[in-house]
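Residue 526, in the numbering used here, is where the sequence shown stops; the numbers in between run on with no holes.
Careful: at least some of the hints might be erroneous.
[To be verified] Under the rule of at most 16 Å between Cα atoms (straight-line distance), these lysine to aspartate or glutamate pairs were calculated in the EDC-like manner: (1) K375 / E425; (2) K395 / D228; (3) K50 / D233; (4) K395 / E168; (5) K375 / D250; (6) K375 / E422; (7) K395 / E54; (8) K179 / E168.
[As the list claims (entries may be wrong)] Taking CB as the label site, the calculated pair distances span: (9) E157 / F230: 28 to 36 Å; (10) S43 / S281: 51 to 59 Å; (11) P326 / N426: 46 to 54 Å; (12) A434 / F16: 23 to 31 Å; (13) E54 / V247: 33 to 41 Å; (14) L244 / P191: 26 to 34 Å; (15) R368 / I455: 22 to 30 Å; (16) A447 / L312: 19 to 27 Å; (17) P187 / F51: 50 to 58 Å; (18) E160 / L115: 14 to 22 Å; (19) M23 / E47: 50 to 58 Å; (20) D428 / F51: 19 to 27 Å.
Since the hints were derived computationally from the structure, they do not count as laboratory data. The C-beta atom is built at its ideal place from N, Cα and C for all residues, glycine as well.
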Amino acid sequence: MSVTTVKKPPRTKFYLITLIMVLFLIGSIYQTDATLTKLVSGTPEILKFIAEMFPPDWLFFADIWKPMAQTLQMSIIGTTIGALFAYPMALLAARNVTTAPWLFYPARLIMNLIRTIPDLLYAALFAVLVGFGPTAGTLALIFFTFGILSKLSYESTEAIDPGPLEAMTAVGANKLKLIRFGVIPQVAPTYLAHFLYTFEVSIRASAILGLVGAGGIGLLLKNTLDLFRYDQSCAIVIYTLLVVVIIDMVSTRFRSYLLKGSAKPMSESRARTYKILGSFAIIALFIWALTGLELTGFQPTTWILTKSMLSGLMHPDWAYVYIPDGEDLLRSLLETLSISYLGNFVSAFVCLPFAFWAAANMSRFRAVSGTGKFFLSVVRTIPEIIMALIFIKAVGPNAYAGVMALGLHSVGMLGKLYAEAIENMDMGPTEAMTAVGANIWQRMAFAVVPQVIPDFISYTLYRFEINVRSATLLGVIGAGGIGTPLIFALNARQWPRVGIILIGIIITVSVIDYISGALRKRIV
3 MSVTTVKKPP
13 RTKFYLITLI
23 MVLFLIGSIY
33 QTDATLTKLV
43 SGTPEILKFI
53 AEMFPPDWLF
63 FADIWKPMAQ
73 TLQMSIIGTT
83 IGALFAYPMA
93 LLAARNVTTA
103 PWLFYPARLI
113 MNLIRTIPDL
123 LYAALFAVLV
133 GFGPTAGTLA
143 LIFFTFGILS
153 KLSYESTEAI
163 DPGPLEAMTA
173 VGANKLKLIR
183 FGVIPQVAPT
193 YLAHFLYTFE
203 VSIRASAILG
213 LVGAGGIGLL
223 LKNTLDLFRY
233 DQSCAIVIYT
243 LLVVVIIDMV
253 STRFRSYLLK
263 GSAKPMSESR
273 ARTYKILGSF
283 AIIALFIWAL
293 TGLELTGFQP
303 TTWILTKSML
313 SGLMHPDWAY
323 VYIPDGEDLL
333 RSLLETLSIS
343 YLGNFVSAFV
353 CLPFAFWAAA
363 NMSRFRAVSG
373 TGKFFLSVVR
383 TIPEIIMALI
393 FIKAVGPNAY
403 AGVMALGLHS
413 VGMLGKLYAE
423 AIENMDMGPT
433 EAMTAVGANI
443 WQRMAFAVVP
453 QVIPDFISYT
463 LYRFEINVRS
473 ATLLGVIGAG
483 GIGTPLIFAL
493 NARQWPRVGI
503 ILIGIIITVS
513 VIDYISGALR
523 KRIV
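Construct all of the structure, not just a fragment, from the sequences and the given hints.
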């Protein structure tokens with residue numbers, strides 16, 4: 003792989019950007035009241051909480067497997083149905099397929115609006131409309147999958163080779179034939195890989211949807227936490243980790259095969275057999291999920307609640323935007339951004355040693371990098387809400403707990419992305435410096451860091467986008483940000499208040515996405 007280079011900004015611009023970042027950092031620390039002293043003084047409470055979790059109640063497995071199966075079934079149905087709706091929307095949003103601006107701009111707007119609303123918020127809304135249970139969780143995952151997969155799919159569709167499309171257009175092929183023979187064959191492997199990735203994410207998401215009553219293992223977890231049975235909570239977390247790690251490993255293997263092909267040559271008949279078996283397995287899983295999941299359907303009061311909700315959402319509480327004395331929308335959004343920024347800053351530095359530990363080309367022994375990858379996988383499978391509950395024990399129910407939860411949770415994903423960037427770099431400069439006797443610090447400073455810095459910055463910005471969404475949810479359990487007034491408004495059915503908060507979240511997330519995307523394009 004060629005060395006990634008990036009233009010160095012003028013010295014004045016570099017100093018200005020650094021100054022702005024430092025000011026944001028200071029402002030975030032002030033806004034969240036984050037101090038090392040507070041964390042250290044609260045450490046005994048964290049240790050006490052962890053001690054109450056061990057030993058886990060292993061006999062609780064008999065009560066866990068049914069909700070866990072329900073979580074898997076919700077994920078399978080939600081991801082599959084969401085994927086079926088996602089690709090048609092992706093085709094409408096792709097400029098090289100839908101050339102009419104009046105079609106692809108509205109399609110992108112719809113995609114972005116759906117994507118900006120967090121999964122837990124969808125679950126809370128559907129729990130109000132259809133009642134507690136897996137129906138609310140499944141509907142939330144459909145929208146969640148649609149938001150992720152439609153964006154990934156339209157981007158991969160726009161990146162296909164235009165040659166076949168131009169050739170087919172030249173001989174008079176209509177739009178349907180262009181899509182059938184020119185687009186789908188090119189995007190199918192990438193689309194399936196993105197589908198598997200989204201399924202992984204949905205498993206993690208569905209594990210916490212139960213915290214707002216949307217069924218699955220999260221509902222059981224909420225019950226054990228409410229009863230202070232932390233040993234049972236620990237058993238749930240461990241079993242969930244095992245399931246997610248196994249699915250992650252299998253999914254990663256399949257995605258690698260779809261994108262890179264098999265490492266060993268395979269006969270055509272054998273490949274066809276594998277495809278047939280894989281298709282049957284997917285169909286069998288979907289049938290198992292569909293027949294095993296007890297979907298309750300819409301309640302008699304659903305239509306009345308829906309009308310009340312829509313009426314309130316269409317008449318937002320504009321007075322809540324700014325209140326001179328007291329809690330308001332702007333202060334809550336500012337706190338959410340502060341939690342996201344500071345949490346991202348913490349994770350970007352903490353994950354560095356773990357990224358180099360997990361990178362295969364940084365160690366002679368595969369077992370070393372393998373344990374690093376496993377560690378990062380375990381960290382990223384623990385939901386940030388669970389981490390927030392731990393830190394609330396130390397620093398109380400406030401924004402600081404949200405900062406630490408996001409910071410620690412992001413280490414898993416950011417460390418994985420950093421490790422992949424390290425593995426994909428050109429090893430030539432490193433080998434050349436080794437040959438002339440350079441030590442490890444010289445190799446890092448002059449051969450490794452210049453190559454990986456652009457990718458590191460890009461991934462950090464990408465993670466910040468995700469953290470802004472995640473920070474909106476942490477208030478559900480008291481970890482600060484916009485989530486706290488949002489969950490209060492939802493529980494009280496104050497739909498005008500919910501409407502203005504939703505508008506604030508959508509605008510904030512959209513602006514952050516736009517700025518982050520523009521910066522990433524300039525960097526990489």
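Cross-check of the supplied hints:
1. K375 / E425: Holds, at about 12 Å.
2. K395 / D228: Roughly 14 Å separates the two Cα atoms, so the pair holds.
3. K50 / D233: Holds, because 12 Å separates the two Cα atoms, which is no more than 16 Å.
4. K395 / E168: violated, 61 Å
5. K375 / D250: Measuring from Cα to Cα gives roughly 12 Å; hence the hint holds.
6. K375 / E422: Judged against 16 Å, a Cα distance of about 10 Å means the pair holds.
7. K395 / E54: holds, 12 Å
8. K179 / E168: holds, 12 Å
9. E157 / F230: 28 to 36 Å: violated, 46 Å
10. S43 / S281: 51 to 59 Å: holds, 57 Å
11. P326 / N426: 46 to 54 Å: holds, 52 Å
12. A434 / F16: 23 to 31 Å: holds, 28 Å
13. E54 / V247: 33 to 41 Å: violated, 24 Å
14. L244 / P191: 26 to 34 Å: 29 Å Cβ-Cβ, so the 26 to 34 Å window holds.
15. R368 / I455: 22 to 30 Å: holds, 26 Å
16. A447 / L312: 19 to 27 Å: violated, 58 Å
17. P187 / F51: 50 to 58 Å: Holds: the Cβ-Cβ distance is about 53 Å, inside 50 to 58 Å.
18. E160 / L115: 14 to 22 Å: With Cβ atoms ~20 Å apart, the hint holds.
19. M23 / E47: 50 to 58 Å: About 32 Å separates the Cβ atoms of M23 and E47, which means 50 to 58 Å is violated.
20. D428 / F51: 19 to 27 Å: At roughly 46 Å between Cβ atoms, F51 and D428 fall outside 19 to 27 Å, so the hint is violated.
Hints 4, 9, 13, 16, 19 and 20 from the list above are not met by this structure, while the remaining hints are.
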